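Asks: Using the hints provided, position chain B relative to the given structure of chain A.
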Amino acid sequence: MDSVLAWLIITVIKILVILGIVLGIGAYLTLVERKVAAHIQRRPGPMVVGWHGLLQPLADGLKLLTKEDLFPRYGNRFLYNLALVLALVPATLVFAVVPFGPEFETFGIKVKPILTDVNVGLLLVFAFGSMAVFAIALAGWASNSKYALIGSMRKAGIVVSYEVVITFAVMGPIILAGTLSTYEIVQKQIEQKLWYIWLQPIAFVVYMFAVLAEMGRVPFDIQEAEAELVTGFTVEYGGMKFGLFPLVEWYVEGLSLSAIAVVLFLGGWSPINIPFLGFIDPLFFLGPLSPFVWFALKVTLLFLFILWLHWTLPRYRIDQITSTAWKVMLPLTFVNLVLTAVIAPLIWR
Amino acid sequence: MIQWLVFFLFSGIAVLSALGVVFLPNPIYVILALLSVLVSVAGLFFIAGAELVGAIQLLIYAVAVTVFYVFVLTAVPWEKAIKKDPFYRVEGLISFPLVLALYVEMVLVFLIGVSVSPKGQFRELITKFGNTEVVGAILFSKYFLAFELVSLVLLIGMIGAVIIGRKEAQTYEDHSS
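Heads up: the sequence lines are chains A and B, in that order. Each residue of the first sequence is one higher than the one before, counting from 1 in the numbering used here. Each residue of the second sequence is one higher than the one before, counting from 1001 in the numbering used here.
The following block holds chain A by itself, in its conformation from the complex (with noise of 0.2 Å):
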């Protein structure tokens, strides 16, 4: 009985801890954006609400809270507001197979810094980042306009053809490491000495462009399109419901998706690779805490990578896209996976 309490006590408390990070960073990287943006521009950006405009996101946030809440004449009230609920919980959701460093011992409990360390992790990472495409397409269709059905339809096209092309792509990491639970793969790379993009170059390249795409990002960001569709799918929502969307689609699915590249590619927590030699760490002086460092600075770099992408690039058509998703993206991750199983057995077995 006493075991069951105190895992039940570490589930709890992992629960609260993932969930007030993701939140809390995923409203704070709304400011992180902008002045990103606005330093790629060469202008300042927020700079009035606190130094630096550090209190940039709860003024914000407090604007959004405070604004009327509008709803369009003959929408669908219960889908219009079930909709906000399905973008927000598989996103969040996803975290739950992230795992954020190795195992440590605190008062005799030895704790994996994992939510659920199941032995199909990435499955359900790519099953709960594509249900994202249900909550877009009620809200297009919830908010009876044209703007947002049109939106919300191009995304789910989008979402569709690159979740094929997601999936293929990370099954070169998979051959390679012969599991699908995450905490494993990144233990096999410690072990095996050996960062899977150093053998993976085109999945991850590939996997990076998915993940663009599924985030909406430039230059795939065709469902919101300012100038054509004003912002898609959520242009009838108003107040905090309006910045729900973005907060998911832009900053929890970026930050996780980000994290399961790190996981998968980038050796998750381990220090910096020399390919089958062994790693080294320059961040060796802060013990413990080291790998818990590395992770979190490989999510922030991927993270500040995609948004470089975004604040310079232009954007492709909706045909472009999809076209290049089939016909491009999706032989490319074949023939990445027909070498990666003629390969990975002559190096390994």
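Keep in mind that the hints were calculated from the coordinates and are not lab data. It should be emphasised that the depicted structure is a prediction, and the values quoted were computed from it without experimental measurement. Treat the hints loosely; a few may be bogus.
Taking beta-carbon pairs under 8 Å as the criterion, some of the chain B residues facing chain A (in silico) [claimed, not checked]:
| id | residue |
| --- | --- |
| 1 | Glu-1051 |
| 2 | Leu-1052 |
| 3 | Ile-1056 |
| 4 | Thr-1132 |
| 5 | Val-1134 |
Every residue gets a Cβ at the ideal spot worked out from N, C-alpha and C, and that includes glycine.
Replies: Chain B only, in chain A's frame:
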């Protein structure tokens, strides 16, 4: 104890939403109810310890298949979706015996399968090797022929879809003129 509670929770949701699929008038609610059935069945798989099947249920049925229903739905005009006229009453009555026969067949296959399948053998294997490996081993040894045949059927379906979806090189109007 907790397992039973969660089991009854998920199966209750599944049965209720299955009733919703049949009786709700608005097609978009029907699809949501279908989604809820599929997700709660995935939950049942997870409780039974079949994580791989549960995850695949989520990925294939709850997402990939249902998304296409949603695609169709978004093309349904808003006013038509709330119409409550019952369609296809006669056809429903005619097809009822056929549906009944299919259900009887499913029950029979299930019962025979239970009586034939080896008891407790797979459980050992699963605890030893893990879910994914056992499914792979069984699929590629005992059911290999069936697996290959199914992939052939899928290939034919894909070719058919490509043929239907391709652009016509010349339309009929061009041909006649």
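Asks: Checking against the hints above, which ones are violated?
Replies: 5
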